[in-house]
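Asks: Sequence:
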Amino acid sequence: MIDSKEDMTTGSVNSKIIMFAVPVFIGNLFQQLYNTVDSLIVGRFLNTDALAAVSSYGNLVFLCIGFFNGVSLGASVVIARYIGAKDKKNIENSVHTTVAVGLLFSVIMTVVGVNMMPAVLKWMQTPDSVVPYALSYYRIYFAGSIGFVMYNTFVGILQAAGDSRHPLYYLVFSSIVNIALDLLFIVVFHQGVGSAALATVIAQILSAILAMIRLMRVKEDYRLKLTKIGFRGNVVGQILIMGLPSGLQNSIIAISNVVIQSYINMFGDAAMAGIGSYLKIEGFAFLPVTSFSLALTTFVGQNEGAKQRERTKQGIKFGVISCIVIAEIIGLLILAFANPLMAAFDPHPDVIKYGVWRAWVCTPFYFLVSFSHVMAAVLRGLGHPLAPMLIMLICWCAVRIAFLAIMSQIYPSIWLTYIIYPITWTLSTTAMLIYYKKLRI
1 MIDSKEDMTT
11 GSVNSKIIMF
21 AVPVFIGNLF
31 QQLYNTVDSL
41 IVGRFLNTDA
51 LAAVSSYGNL
61 VFLCIGFFNG
71 VSLGASVVIA
81 RYIGAKDKKN
91 IENSVHTTVA
101 VGLLFSVIMT
111 VVGVNMMPAV
121 LKWMQTPDSV
131 VPYALSYYRI
141 YFAGSIGFVM
151 YNTFVGILQA
161 AGDSRHPLYY
171 LVFSSIVNIA
181 LDLLFIVVFH
191 QGVGSAALAT
201 VIAQILSAIL
211 AMIRLMRVKE
221 DYRLKLTKIG
231 FRGNVVGQIL
241 IMGLPSGLQN
251 SIIAISNVVI
261 QSYINMFGDA
271 AMAGIGSYLK
281 IEGFAFLPVT
291 SFSLALTTFV
301 GQNEGAKQRE
311 RTKQGIKFGV
321 ISCIVIAEII
331 GLLILAFANP
341 LMAAFDPHPD
351 VIKYGVWRAW
361 VCTPFYFLVS
371 FSHVMAAVLR
381 GLGHPLAPML
391 IMLICWCAVR
401 IAFLAIMSQI
411 YPSIWLTYII
421 YPITWTLSTT
431 AMLIYYKKLR
441 I
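Here the sequence shown stands for residues 1 to 441, numbered as in the working numbering.
If a hint is listed, it holds; no wrong ones were tucked in.
Lysine-lysine pairs mimicking DSS-like chemistry, simulated, CA-CA at most 27 Å apart:
#1 K219 to K86
#2 K89 to K225
#3 K307 to K86
#4 K307 to K317
#5 K317 to K438
#6 K307 to K89
#7 K437 to K317
#8 K88 to K307
#9 K228 to K86
#10 K88 to K228
#11 K86 to K225
#12 K313 to K437
#13 K88 to K225
#14 K437 to K307
#15 K313 to K438
#16 K86 to K313
#17 K86 to K317
#18 K438 to K307
#19 K219 to K89
#20 K219 to K88
#21 K89 to K228
#22 K219 to K307
Cβ-Cβ distance ranges computed for the label pairs, FRET-style:
#23 V107 to S129: 29 to 39 Å
#24 V107 to Q191: 20 to 30 Å
#25 K219 to G383: 26 to 36 Å
#26 F173 to P412: 39 to 49 Å
#27 V107 to G233: 17 to 27 Å
#28 W415 to N339: 16 to 26 Å
#29 L183 to L433: 38 to 48 Å
#30 T227 to P412: 52 to 62 Å
Because the hints were derived from the structure by calculation, they are not lab data. Keep in mind the model is a prediction, meaning the values are calculated, not measured. C-beta atoms are modelled at their ideal positions from N, C-alpha and C, and glycine is treated no differently.
I would like the entire structure built from these sequences, with the hints used as guidance.
Replies: Right under this line is the structure:
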């Protein structure tokens, strides 16, 4: 059994979603903060090339880890459904299989990430002045893959059980550690950009250890026992069915963004740094979307497992409306303060210019991307992970790449990399709405 505070099949619908989403939001805020601190400290104490290396390749990282995160999310849905159904045996099997999958992906991520970086940077047409910084940062980052992979694995299990408080505690702790080490390595010891990656790796490993200890100490059915970690055939199949579409969806989005980033790279380090800085800010803007999306996936998963369809519908309505409104308000605030926000990363006028241009085009349409993300989360919780994957494949990958390939031949401009986002957000929102209506939930 699980604690009544973590059980999302009983009590007030709105309160349960909010109480789950708020700690996730605060935790993601700290995580985004220590990612942004890397860029702020590197930009202020090193140089623009180093900033470009750290801030411009978030999509590359997401390409590598997004697939596993999607699989982990699918595993969380499986666990949440068994928790909702009060199936003790399969809760235990799914938890230990999920951990085994995480360990396997940790090894794969380390080998691929460390060895493929030179080829990937060349393919992305990275400026020669940026390559040494990017190699230094990301080889160290991927060498510590076990930290972020296993942290996401352990936290996914906790969140599937409705526990979003303890992941918050671990993130706050690791964020403080990361910031302190950034300052120590770069400001005090005058180390290079690789030390910022090392600080992140250390912080992530510490947070993973704390989450693992929590899972080993809980008294509920999802308790982790190291001797039972292994692959259970029936559960592996369910995790793959639920997780592969989500993983492919994440990778698909990242692939299109990496292609777009390679086009941005042709405009030089100022464009890379400016747009990279904007993306750090955009990451903060989407935190409520991420938080409500995860809350809805868990809420829908548990209530579908408990066969409470009316409760599921109430949660979907509340979560979608809340998320859209909050995202749009944040988008308009970023638009209003775009100049000082960009200048915080790098005061160079050209860097600011590229970031502000991106904000002008994208922020008014945050309600669209918000809806797409939340509906993808809802559909995963309902057991329909394939639909959002296909919609993202078409709208956020195929259309973006085709648009850029064609239009760059007609009108080669950095503005193409801006306008493609609102266009494809509109397409995916329309498709998600049509599909959801056809389900007749």
